[in-house]
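Engineer: What follows is the residue order along each chain.
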Amino acid sequence: MANRMNKKMETQLITIENSKSPISEQYRTLRTNIQYSSVDKELKSIIITSPNPGEGKSTTIANLAIVFAQQGKKVLLVDADLRKPTIHYTFNINNTKGLTNLLMKKASLGDVIQQTPVLNLFLLPSGTIPPYPAELLQSEMMSQLMDRLKASFDLILFDTPPILAVADAQILANKSDGSILVVKSGSTEKEGAVRSKDILMSSRSKLLGVVLNNKMMKDSPYQTTYYYGQIK
Amino acid sequence: MEETISLQEFFQTLRKRMLLIFSITLLVTALSGVISFYFITPIYESSTQLLINQEDTNTNQMPDLDIQTNLQLINTYSIIIKSPAILDLVIKELALENMTTQSLNKKINVNSEGDSQVVTITVQDADQYIARDIANSTADIFQREITDLMNINNVGILAKATASEKQEPVKPQPILNIAISMVIGFLLSIGLAFLLEYLDNTLTSEQDIEKLLSLPVIGSISSMEIKEQKKIARLNKMQQK
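So the sequences go chain by chain: A and B.
Just so we're aligned: 181 in my numbering is position 181 of the first sequence, and the numbers increase by one with no gaps anywhere.
Just so we're aligned: 218 in my numbering is position 218 of the second sequence, and the numbers increase by one with no gaps anywhere.
Keep in mind that the hints are not guaranteed to be accurate.
Claimed, not checked - For each label pair, taking beta carbons as the anchor points, the in silico distance ranges come out as:
1) B/Ser6 x A/Ser139: 33 to 39 Å
2) A/Glu189 x B/Pro42: 51 to 57 Å
3) A/Lys20 x B/Ser6: 33 to 39 Å
4) B/Ser6 x A/Lys41: 35 to 41 Å
5) A/Ala151 x B/Met18: 42 to 48 Å
6) A/Lys44 x B/Met18: 43 to 49 Å
7) A/Lys41 x B/Leu195: 43 to 49 Å
8) B/Gln8 x A/Lys20: 50 to 56 Å
9) A/Gly54 x B/Asp200: 14 to 20 Å
10) B/Leu195 x A/Met216: 16 to 22 Å
Stated by the list, open to error - DSS-like mimics (lysine-lysine), calculated; alpha carbons at most 27 Å apart, straight line:
11) A/Lys106 x A/Lys150
12) A/Lys84 x A/Lys190
13) B/Lys160 x B/Lys82
14) A/Lys41 x A/Lys105
15) A/Lys41 x A/Lys84
16) A/Lys190 x B/Lys16
17) A/Lys190 x B/Lys160
18) A/Lys206 x B/Lys211
19) A/Lys150 x A/Lys206
Unchecked claim - A partial selection of chain B residues facing chain A, derived with a Cβ cut-off under 10 Å:
20) Thr120
21) Asn201
22) Thr202
23) Asp208
24) Ile209
25) Leu213
26) Ser214
27) Gly219
It is worth saying that the hints were derived from the structure and are not from the lab.
Keep in mind the model is a prediction, meaning the values are calculated, not measured.
Even for Gly, the Cβ is constructed at its ideal location relative to N, Cα and C.
Make a model of the complete structure from these sequences and hints.
Structural biologist: The following block contains the structure:
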């Protein structure tokens, strides 16, 4: 079991396991593009969502958090997917207390924020799964929490449920500075992507752009080598 | 959906579905090979030639008119050869119990070569010896019967039908079948590739996203499969050299 967990970590957290790999470099490119995507307004809280489940939100956000932390930013990764949380699996931490316990005032910040082996990277797992996640995220308590977190971290990344399935991501998009849409190559349908875009565009946060996940190499063999060629 | 398709997109689609195209072509080709070699009964062909010549000594017709008459005769003969009057006798002589006049008729093909007075009787059968026997006895019986039927004796047998163990079957022609099915399989799979491409309503490239959503693509993450990763590593090595 433990072995399997490690295997999983290996494939998902490529930016730790193999920080020189081309895929890690793709995450660093994503980081750079995010930093350049909003010049006039500081981005401190970003949500990542996708139209449907299983399109790579959690993997993307985990690796993105790592590359931001590797750059020296103090990063907090929040598992705001209160319906099907995964971050505690990805980083192999315990999820007995987390975001929901904070929101219901059953815990304090110090109790729930966990350190990771990666310097500057902190995690806030989802906590107990509540009956009405949307209401909890909509609450005034959540807004206050976000303000408090912004004060102590350089960047807060929120993992959210799929945007077409439930309102959670939309609610969080309204409370954060920026949003990113993850689509999976060959899996995300065009119609769903358009609807997700419309939802995110109507929210308060700035839609920073789209991340194309699971891209097949053969579609364009030049791009990755080009980026990789820059670092060496 | 756009109406036009650029040449670049055309080749992109082909490259994307290369495996599909290749495997369907191969499958269809192999299938036709197997069917032609193992499932289709080989058909042998044997033919005999008759010479039609009007032995007319008592009239003083022009020579080319003679030939004209002969050609008309040949057409008549072709029909007579395939008529039950002859074929029933062939069946009786060769004791072909399980064959009807119609089925025998289908095996026999009569044609004259060009404007000549030579008539060729071609017989096709799964057994080369039976084909030979049918051809020969049809010619014999026709020669014999025509004297009664038309009151003339002007049919000579030019060449007898032969058969041998080493004879090559005329049908099927495996190489031809394979070649044809290869072309058909190739075209079919290309058609299928484009159909799949047309039916595919998923996002697959940065261009798709930019065209459809008019949003910037801020990152593309390659597939994390081991195979893909190795490919990337290889490309990198090439780049560094």
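Engineer: Could you run down the list of hints and mark each one as holding or not?
Structural biologist: Status of each hint after checking the structure:
1. A hinted range of 33 to 39 Å for the beta carbons of B/Ser6 and A/Ser139 is inconsistent with their spacing of about 52 Å.
2. One distance hint, 51 to 57 Å for the beta-carbon pair A/Glu189 and B/Pro42, holds here, with the actual separation near 53 Å.
3. Separated by about 37 Å at the C-beta atoms, A/Lys20 and B/Ser6 satisfy the suggested range of 33 to 39 Å.
4. Checked against the hint of 35 to 41 Å, the C-beta distance between B/Ser6 and A/Lys41 comes to roughly 39 Å, which is consistent with it.
5. Here the CB-CB span from A/Ala151 to B/Met18 is close to 55 Å, at odds with the stated 42 to 48 Å.
6. For the pair A/Lys44 and B/Met18, the supplied restraint of 43 to 49 Å holds, since their beta-carbon distance comes to about 46 Å.
7. Separated by about 47 Å at the C-beta atoms, A/Lys41 and B/Leu195 satisfy the suggested range of 43 to 49 Å.
8. The hinted window of 50 to 56 Å between B/Gln8 and A/Lys20 is violated, with their beta carbons roughly 33 Å apart.
9. For the hinted restraint 14 to 20 Å between A/Gly54 and B/Asp200, the CB-CB distance of approximately 18 Å keeps it satisfied.
10. For the hinted restraint 16 to 22 Å between B/Leu195 and A/Met216, the CB-CB distance of approximately 20 Å keeps it satisfied.
11. Only pairs whose Cα atoms come within 27 Å are accepted, and A/Lys106 paired with A/Lys150 is accepted, the gap being roughly 21 Å.
12. For the given pair, A/Lys84 sits about 24 Å from A/Lys190 by alpha-carbon distance, which is consistent with the 27 Å threshold.
13. Among the hinted pairs, B/Lys160 with B/Lys82 is consistent with the structure: their alpha-carbon atoms are about 18 Å apart, no more than 27 Å.
14. Proximity of A/Lys41 to A/Lys105 is assessed by CA-CA distance (about 31 Å); at most 27 Å being required, the pair is judged violated.
15. Note on A/Lys41 and A/Lys84: the hinted pairing is violated, with a Cα-Cα distance of about 32 Å set against a maximum of 27 Å.
16. The straight-line distance between the Cα atoms of A/Lys190 and B/Lys16 is roughly 19 Å, inside the 27 Å bound, and the hint therefore holds.
17. At most 27 Å may separate the alpha-carbon atoms for a hinted pair to count; A/Lys190 and B/Lys160 exceed this at roughly 73 Å.
18. Restraint check for A/Lys206 and B/Lys211: satisfied, since their Cα atoms lie roughly 20 Å apart, inside the 27 Å limit.
19. For the hint linking A/Lys150 to A/Lys206, the alpha-carbon distance of about 17 Å falls within 27 Å, and the restraint holds.
20. Among the interface hints, the one on B/Thr120 is violated; its C-beta lies about 58 Å from the nearest C-beta in chain A, farther than the 10 Å criterion.
21. Contact between B/Asn201 and chain A, as hinted, is supported at the beta carbon level, the nearest pair being about 5 Å apart and thus within 10 Å.
22. A cut of 10 Å between beta carbons decides the hint on B/Thr202: the least distance to chain A is about 5 Å, and the hint holds.
23. Using the Cβ-Cβ criterion of 10 Å, the hint placing B/Asp208 at the interface with chain A is satisfied: the shortest such distance is roughly 7 Å.
24. Nearest Cβ of chain A to the Cβ of B/Ile209: about 5 Å, under the 10 Å cut. The hint holds.
25. Look at B/Leu213: its Cβ gets to within about 5 Å of chain A, closer than 10 Å, so that hint holds up.
26. Checking B/Ser214 against chain A by beta carbon gives a least distance of about 9 Å; that is within 10 Å, so the hint holds.
27. Using the Cβ-Cβ criterion of 10 Å, the hint placing B/Gly219 at the interface with chain A is satisfied: the shortest such distance is roughly 3 Å.
Of the numbered hints stated above, those contradicted by the structure are hints 1, 5, 8, 14, 15, 17, 20, listed in ascending order.
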